[in-house]
Amino acid sequence: MSKPELWVIAERRLDHIEPTTQQLITKAKGLAGDQFSVVAILLEATNDQLENELTAYGPDEIRVVRDDRFPTATDAEHADALQQLVTAYQPNSILFGATITGRSIAPRLQAKLQTGLTADCLDLRFDDDTLVATKPSYGDNIMCEIICPDHRPQMATVRPNTFVAAPATGDATVTTATVTFHPVDRLEVKAATPVVNTATTVGDASRVVALGRGAASSATIDSATKLAEKLGGRIGVSRPLTDQDRFTHDDQIGQSGNTIHPELILNFGISGAVQYLVGMQDSQTIVAINADENAPIFDVADYGYVGDAQAFMTALLAQFN
Amino acid sequence: MKIVVCLKQVPETNDVTIDPVTHNLDRRGLAGVMNPFDKNAIELALNLKDSRDDVQVVLLTMGPDDYADSLREGMAMGADEGVLLSDRAFAGADTLATGYVLAQAVKKIGDADLILFGRQAVDADTGQVGPIVAEFLHQPQITYAANLRLSGANEVTAERLLEDTKQTLVAQLPAVVSVRSELNTPRYPTPRNIQLSFNKPLTTWHHDDLDLDDSRLGQAGSPTIVTKVYAPEPVKRALTPLTGTPSEAASQLITALKQRQLI
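Going down the list, the sequences are from chains A and B.
Mapping the first sequence onto the UniProt record's numbering, position 61 (from 1) lands on 61, and the numbers just tick up by one.
Mapping the second sequence onto the UniProt record's numbering, position 122 (from 1) lands on 122, and the numbers just tick up by one.
Same shape as in the complex, but just chain B (with noise of 0.2 Å):
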């Protein structure tokens, strides 16, 4: 059985600022790291590779060469091999142009059975690009998984949490499934798997590598362009202060929401 995750590579914090001249993203200094979300991913098909035998976990992201950063930190936490797509042509692709060559690369792994990715991304958040290639795969998707078990030779049951709704689907697989936070808590990379994971292959696949259509790849791929980015100012109010003891303080509080009619 071959599972194959799909990872993003994000700033290591959202504490990003806006440069006040230029009025671009100032991004200096920000480190790398994997996207949090994604581990829940890769501990799922951990998880599934304990428990049998002939499981291989292929990780794949999309990204400049230091995005190996991340695959490296998937094989060390079990992984088996790490496929990185880096090529000048992928560059300034948004979710769609993202999801078309993520879904042209899982074809040239071949074979791949279950296709996991995280939630969403902690720095766009779109959650868009897992039913992107599920579709662009013609694969039935379960996302925001909360649990998954394989339940026959070829097939998987998970449970998806609606906002109000607990709905149990069944899926024959080959499927693509995208997991909630809440599934697991992934593994920690202990000393042996950081060593192992040196001799693991790590690939990278450049646009030639892959059967591509020029006109879906990067920015010219991408149907939607961001014209703007600004940091939300929030609308102050006129405070009026509660003082004295916290009970002094209280007794204040109560008055005042007894005239606002909300007690």
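Isolated chain A, as found in the complex (with noise of 0.2 Å):
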């Protein structure tokens, strides 16, 4: 008899996989051991080849379903073609990217299957066959470890750049399926315009100048942008300065915003609540500035100064230039 199916759904961004579905397909290899085979389910245009994108890191099966209305297909028009691959298939559990996109999809398929779904996990495990996601909750201020005992499908969405993506080998076995396409009349997408100054979010930056609270003046973001210029990174804001007109939730690192790992940050002006620290801590390189010496900021930071972060930021352009 055949493994039980650990799911990973593919996520297109525009005409490339988004990449939570490559860290994905990598941490279900982890989690599949014996147990399960890892299959990356894809909904893609009849001249599509994304599958391409999803190879190299080596999940058993990819499942493509080709239709070329998928590309523009609504929520329920996806959850409705994932429904019928879930009752043809019967896998134990299904994984999204927590993305605006897996966000919107994997309730409206939680609902048809009338079964579990963790929103935003930052950890998966299994205890046998039943998953254990964590999931943040109280702006992740706390941790919960959620399952889904009785009922299968187990469903989870999970927050971007949590894993690492790492290329794997072993053959991937490229396969099709085919679905009944429903399409929805009451609801149509018009028209899907790229968004350029968000195209690459914070999360995607190896590079990022943090600032908070204490470095919220205008002169201190606009020093700040052109640090991150000569980085070559981009800033990502505390929660404190979400409420400027200047950045969005978008921008946010830590507490239900993005989590993130870059190979530089540079804090200024963050005193460090435990959600923010925990939303950048796998950080390869962290530094911090900060007036308060006491702040939590420096114990999880590798460099520290105490003082202003506008004259620190301002002398360190200055040796830049």
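If you're looking for bench data, these hints aren't it; they were derived computationally from the structure.
Yeah, the Cβ is synthetic: ideal placement off N, Cα and C, and Gly gets one too.
A portion of the hints provided could be inaccurate.
Said to hold, decoys possible - Interface residues of chain A toward chain B, partial, derived using beta-carbon atoms under 7 Å:
hint	residue
1	Glu-61
2	Val-64
3	Ile-100
4	Asn-141
5	Gly-170
6	Leu-187
7	Tyr-303
Put the two chains together into one complex; each comes in its own frame, and the hints tell you how they fit.
Right under this line is the structure:
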């Protein structure tokens, strides 16, 4: 008898695979052991070959469903197609990226299947065949372990950049499956256009200049923008700065924002609430500049300077020039 | 046109702690407030109400009796009425069981053209209930709407911001929409609206007021179980202090980053 399946739902982002998909394949392979077979589920247009962006990560199988309506399909149409696949293949568990798309389709599918879904997970493991999903609550101040003992499939959305994608050996078998596309005639995607200025999120940047309450002045933000440019990175913020017009929740690090692990993060004027620290503590090199020598940010930093954020930033910029 | 706005009451602060002995969440002394993101959904409903004469805004929530506070607050912002779903049988519900009861209540309210949600609750952060309700009602959904306008007698046009894509969606009503917080700035209740709100109807529906399948309610109707709750512990590192003037410290940092081949 073939092994039960652990699914990763591949997500399209414009003409490519959204990186969380690859991160989840790597994680799923680590979880699967001899118990599960890792299957990436890919819904794409007839002439797409997005499976080529998945093979290198070594899932056991890439199951492709082709229909020219998928690239502009609505959440309900995606969920309907996935439900048909679930009925046909009875997977043990289904993983989605906790992207906007994943967080929109997964609960719709959950409701169709009447099963459990754990949102925005930061860790996953199996106890026998029960998925134990770790989910943050209360703005990442609290972690909950959640299981779905009596219903299958088990479902989770996983926060982007929680896991690191790693190329793997092994030949992924590419298979095709068919579903009946049921168009929803009451909702239409009229247009989809790239948004240029958020093409890289703070989660994708390898260098991050992070600003908090102690580095919130307009002048400091301007300096930080220059510094981020010089480093080839971008700005991220802690929660207080999301109230400013220049930033949104998409720029936020930690607290139901982005979990990040860049090569380098410079924290200016951030004291370090728990959810913030957890959200960026896997960064390779952590630098902290804060006026308060007792700020918790210094506990997790490699390099620290106790002093004024603006003054340090000015000095740093001057020496870069 | 009838708009139902679903909302949740959440703790006033997210600074919750774990009781070191019982390992339970210590919620003592935490007052409840309306989930801030839900105010964006109410504001959208009130904007639509301001733009035409025939809009009725109904607020809907499920929870203990004190959730009425959030309904009153929403009515003080300008909503017309509130419905509280309160029953011991509803307690312990996860998103699936919550979505089921809300969907049954929307059916009972009847003739809802738009069902609005905030992007997510700030305590549990799932954002799942809107799509679940949409599925149970067999309605189209637009999640994370960045703006929305009536584009026809029975039609809305919305923009949805994905991570790097902007979608324009057109939905025939009725439809379920969850809104981004960037959509608008929620209004404050005016003294006059606060006064008016006390004369607006606030109805409580219990278990027997709704058409419900008991196996889908509360804890029994919830597939998920929380098995452990804990506070995350940041991992400490050995700190190398940068010292002296800002200029001296910046110079030390540049040297260190060069050694690490980061610049």
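We went through each hint and held it up to the structure:
Nearest Cβ of chain B to the Cβ of Glu-61 of chain A: about 27 Å, over the 7 Å cut. The hint is violated. The beta carbon of Val-64 of chain A comes no nearer than 22 Å to any beta carbon in chain B, farther than 7 Å, and the hint placing it at the interface is violated. Hint on Ile-100 of chain A holds. Least Cβ distance to chain B is approximately 5 Å, under the 7 Å limit. Hint status for Asn-141 of chain A relative to chain B: holds, with the closest Cβ pair at about 5 Å, below 7 Å.
Because the smallest distance between the Cβ of Gly-170 of chain A and any Cβ of chain B comes to about 30 Å, over 7 Å, the interface hint for this residue is violated. Given the 7 Å rule on beta carbons, the hint for Leu-187 of chain A holds: about 4 Å separates it from the nearest Cβ of chain B. For Tyr-303 of chain A, the shortest C-beta to C-beta distance to chain B is roughly 5 Å, which falls under 7 Å, so the interface hint holds.
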